[in-house]
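Undergrad: Okay, here's what each chain looks like letter by letter:
Number of protein chains: 2
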Amino acid sequence: MKRRQFIQTAAAGAAATAVAMPAVAQSNPEIKWRLASSFPKSLDTIYAGAEIMAKMVSELTDGKFQIQVFAAGEIVPALQALDAVTNNTVEMCHTVSYYYVGKDPTFAIAASVPFGLNARMQNAWLFQNGGNELFNEFYKKFNAYGLPCGNTGAQMGGWFRKEIKSVADMQGLKMRIGGIAGSVLQKLGVVPQQLGGGDIYPALEKGTIDGAEWVGPYDDEKLGFAKVAPYYYYPGFWEGGPTVHAFVSLDKWNALPKSYQAALTAACTYANTQMAAKYDVVNPPALKRLVAAGTQLRPFPQDVMEASLKASNELYAEISAKNPDFKKAIEAMAAFRSDQYLWWQVAELSFDVFQVRTRTR
Amino acid sequence: MKRRQFIQTAAAGAAATAVAMPAVAQSNPEIKWRLASSFPKSLDTIYAGAEIMAKMVSELTDGKFQIQVFAAGEIVPALQALDAVTNNTVEMCHTVSYYYVGKDPTFAIAASVPFGLNARMQNAWLFQNGGNELFNEFYKKFNAYGLPCGNTGAQMGGWFRKEIKSVADMQGLKMRIGGIAGSVLQKLGVVPQQLGGGDIYPALEKGTIDGAEWVGPYDDEKLGFAKVAPYYYYPGFWEGGPTVHAFVSLDKWNALPKSYQAALTAACTYANTQMAAKYDVVNPPALKRLVAAGTQLRPFPQDVMEASLKASNELYAEISAKNPDFKKAIEAMAAFRSDQYLWWQVAELSFDVFQVRTRTR
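Residue numbers (our numbering), protein chains in the order written: chain A, 1 to 361; chain B, 1 to 361.
Nothing false has been slipped in among the hints.
Copies of one chain are not kept apart here, so a pair can be met inside one copy or by any two copies together.
Capping the alpha-carbon separation at 30 Å, the derived lysine-lysine pairs in DSS-like fashion look like this: (1) 288 - 328; (2) 310 - 288; (3) 140 - 64; (4) 327 - 288; (5) 322 - 187; (6) 252 - 103; (7) 64 - 252; (8) 32 - 55; (9) 252 - 55; (10) 64 - 258; (11) 322 - 103; (12) 327 - 140.
Please keep in mind that the hints were generated in silico from the structure rather than gathered at the bench.
Quick caveat: nothing in here was measured; it's all calculated off a predicted structure.
So that you can see chain A by itself, here it is in the shape it has in the complex (with noise of 0.2 Å):
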């Protein structure tokens, strides 16, 4: 080996050396994924969920893990954000387990069923009572790996163009109402129509529906229902504190470096609060604008909630005796419930009774 020669290779060599440290930090390499959200930029509280995830990822890695986030129909449709993930069209999807009850009914239990949790016990039975473990294995049947990314708290029952004063009210309704929620209503005699966002209103105003539900005050009063629907109901009982989900490509989770999950983690858990937070801020002024415009705010008739609440458990039963998931993740959830409601109901609701009786004080 002649010395220039000899020189050449260990000059090599320490260009392989310092080739090879952004080698050893491969733990830190630049991805770009998209993101396929449910939900249009209109809905500033919950579509912003994926963005705030999104800008969290960035900041949390110096820009090297990008999200890109893209408005429902974008790339695929809304309902189909899920599908997208499970064949790998995005990375993942930002969007509402229960829109996918039409695969198996026990995609609802993982977001909202009639009767369920409330936002801060779906937290509890998610993150620290094995619900995201159970809700993970099953999901693996779609190539997902499930993460919380946002709550809306509870919602509300949805506008109606006639006062509802009992049971027999319900009779015949066409609601715009869907999944599990509408079956649970089609047992009480209300026909449960599907609608997109859009469609609803001139619906409403037509009279070819008699009520529909969305979400509560906020994203509500965007959609006008108001001026053609003037009972406005509570509670959404379908809905108590329905958790968002971020769903990855299970096969593009498993690829992520450490950080890289860590990263998606807190990050989505980090936007799990901030759109409940968001939520939370933005009601209260909603409710009031709403109220002040005329808007007849209203509880269901204690025998509507329950006979939902009677109808509910008949279909769990029913869905139960042929679906091994689903009997699984609605028992869970409804040993985790009675016990959550036992503690509740003491010190919480207490509190919370006190405050509302006493708030301008």
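Knowing the structure of chain A, use the given hints to seat chain B on it.
TA: Frame of chain A, contents of chain B only:
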């Protein structure tokens, strides 16, 4: 230059290049911090909040940003954790802001004051309605940057040797309770006592004190109060949903790379959720065990609640008259609270009340 020398120089150059690589990646420096907790390891709920946060920070940074958690008393006494941050003895602490009311009563409002916000409203206020910004302006005086890093949920009102049937029974009652809550109950005739966790049981047993508040079923059970004070009251109206804070030395915070600031922000918010979830999971079984062992659950009489609310508002007016920081923060909280409970009474409360009533069906 001889061949061997040249080669050595080249190798040194290569080594220098290799060493320089991490300098390019200086945005990810190796950092080791110490965190002083205000809590003993025996409280695996609240103490664990700092450990959960530190573990997440480590995972987010590939182990480069390490935070070592020290239990109360290991570096500084429990109630001097913030002082250790102010004077840069430690880089950060995990504590409750209301421990520092002796410095300024404004500290209390960031965590919890009597008849303040519930846990979810604390999040909404702090994260999405200017609360964190308001308090971080205030904390500057103490060289601290505050991050919400835990919540216990609504606490219990404490353990009493005798039944409390009306506000008259509060007269002369020696009760272990501190801070602003102690000052409020003093207006009702209570004689507040400051005692550390380990001193409460013997004092209650001997009758040196008549009552004591601590946290909730799970934490309280460990201290064995049930054996010496059978009446367990609710709600702890002075702690409707107290936020636990991480405080970082402002000097150290400002010197952090942006990605490490993001790691702390995300990890603290993650721990904020996990602690609340953990409390919600462990409290119901503890409550059942306590009641099964003979604990008598009692709601505070409404006249005690009413008199305490009146006393709280009087105290807030007194402090506000001489403390502009307190005035600003308490008025912001009260305005937010009024709006929050306006909305809360609609969907949330009606849902929860129905769920409590039907929880075993």
